[in-house]
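Engineer: Sequence:
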Amino acid sequence: MQYALESWLHHYKCLREHYQGINVASHANISDQDKGLTPSRVEVLPNVLGFACEEHRGENVRKQPGVGSAGRDAYKKAVYACSEAHFNFAKSAMNEATKAYVGRLPDESQFLRSAFLAAHVRNYAVSSPVESWNNWLIRENVRHNQNIIAGFLNLINGLEKQIEKRSAAAAKCTDAAPPKIRLMLNSGSEAGKKVRDRVVTFQNAQRRVARVHHVGYPGQSRTVNLTEGTCSCGRHEVVEGPFCIDLAAASKSAGFDLSTHLHVMDTTKRWREQWECVRAWHTGKCVPCTADLAMMPEKPLKEPVARPRPKGRPAEPKRHMSAVEEATKQHKCAVCGQKGHKARSKNCPKFRMPPEDVDMAAGAAPAVADVEEDEDGADEFMMD
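Numbering-wise, the sequence shown is residues 1 to 384 according to the UniProt record's numbering.
Think of the hints as simulated: they come from the structure by calculation, not from any bench.
Only a predicted model underlies this, so the values are computations on that prediction, with no experimental measurement involved.
Among the hints, a few may not be true.
Computed cross-link-like contacts, DSSO-like style, restricted to lysine-lysine with a CA-CA straight-line distance of at most 30 Å [what the hints assert, rightly or not]:
| hint | residue 1 | residue 2 |
| --- | --- | --- |
| 1 | Lys-180 | Lys-165 |
| 2 | Lys-350 | Lys-332 |
| 3 | Lys-161 | Lys-269 |
| 4 | Lys-318 | Lys-342 |
| 5 | Lys-346 | Lys-329 |
| 6 | Lys-91 | Lys-180 |
Generate the whole structure from the sequences, applying the supplied hints.
Structural biologist: Shown next, in the form of structure tokens:
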């Protein structure tokens, strides 16, 4: 174990010294900041499907202020490091004719094509079914303040629903290719490249070998063989499938189905077999009795970060008090003993008390009343 760790550390150390754009231990998942770009994924992350062409590379790698050519060069070096191992693996499965064709290209172009033409295929998908499954689990079943037993039962119930839903979707699919794979066959899995932009010229009567031209670039053409599911671009050798825009254009023009050239893992049959296996394993499994789980703590694994918000309309936001108001808050009323107001203030709860009671509450001597007798003998009280 120690030897394996030292070998990996030596590998990454050499990799970082050779490619300055890599500052992390894992070169398989490089962030924008490690590429020398501004760490803003939405604004900076380029469209990976456009890197096959040298002319579009500068357009997709957006020039951020303060980065310049140094950041773009570091980004490209990091790209080459990521895709070198994958390209060597794909090159080992190529025939001699394809190797000769690829060998005439610069190494950098080979690495770029290997890395970015495989963006939507196995192990390179940005939005893969596995990620969507994990996101569903986190979104629906992970609650930091949820009861453990209730969360467990909720998870089991959700898994049963997902298995039934996905098994039914696989069972009712009558196409030889799943919907996502069929979309790739019809469009070539290329963003911004439509089949209608291609002009197909068939070279034989069987309409199986064709030369495909781009409308905007008539001088560029690719040779397509529908019988073998190959194209002169060599994409099928890298992605292990006929996911090429030129193949898609030729197959649509000739009415030819490319699903016969799919990898066995990309067919509907395999998709259906996988979910049938899951259902067969799930059949007979029963949810354990909650009484058997009494040994588990029922309190949440993590205390909630805050109390739930009370029902009803939120309270009105309080304004900032002035310096005078802040100073007034420190005053203590001599009548009621509360802070925030003075004696004789309208905010005092004893504001409407008789004056003599106010003076007595404040600790002052009661006022002396002069009693005078009027002509009628009635007493008249006069305050000083």
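Engineer: It remains to establish, for every hint, whether it holds in the given structure.
Structural biologist: The hints, checked one at a time:
1. Lys-180 / Lys-165: 17 Å, holds
2. Lys-350 / Lys-332: With a Cα-Cα distance of about 14 Å, the restraint between Lys-350 and Lys-332 holds, given a limit of 30 Å.
3. Lys-161 / Lys-269: Given pair Lys-161, Lys-269 holds - Cα atoms ~22 Å apart, limit 30 Å.
4. Lys-318 / Lys-342: Judged against 30 Å, a Cα distance of about 22 Å means the pair holds.
5. Lys-346 / Lys-329: Since the Cα atoms of Lys-346 and Lys-329 sit roughly 14 Å apart, the hinted pair holds (cutoff 30 Å).
6. Lys-91 / Lys-180: Judged against 30 Å, a Cα distance of about 26 Å means the pair holds.
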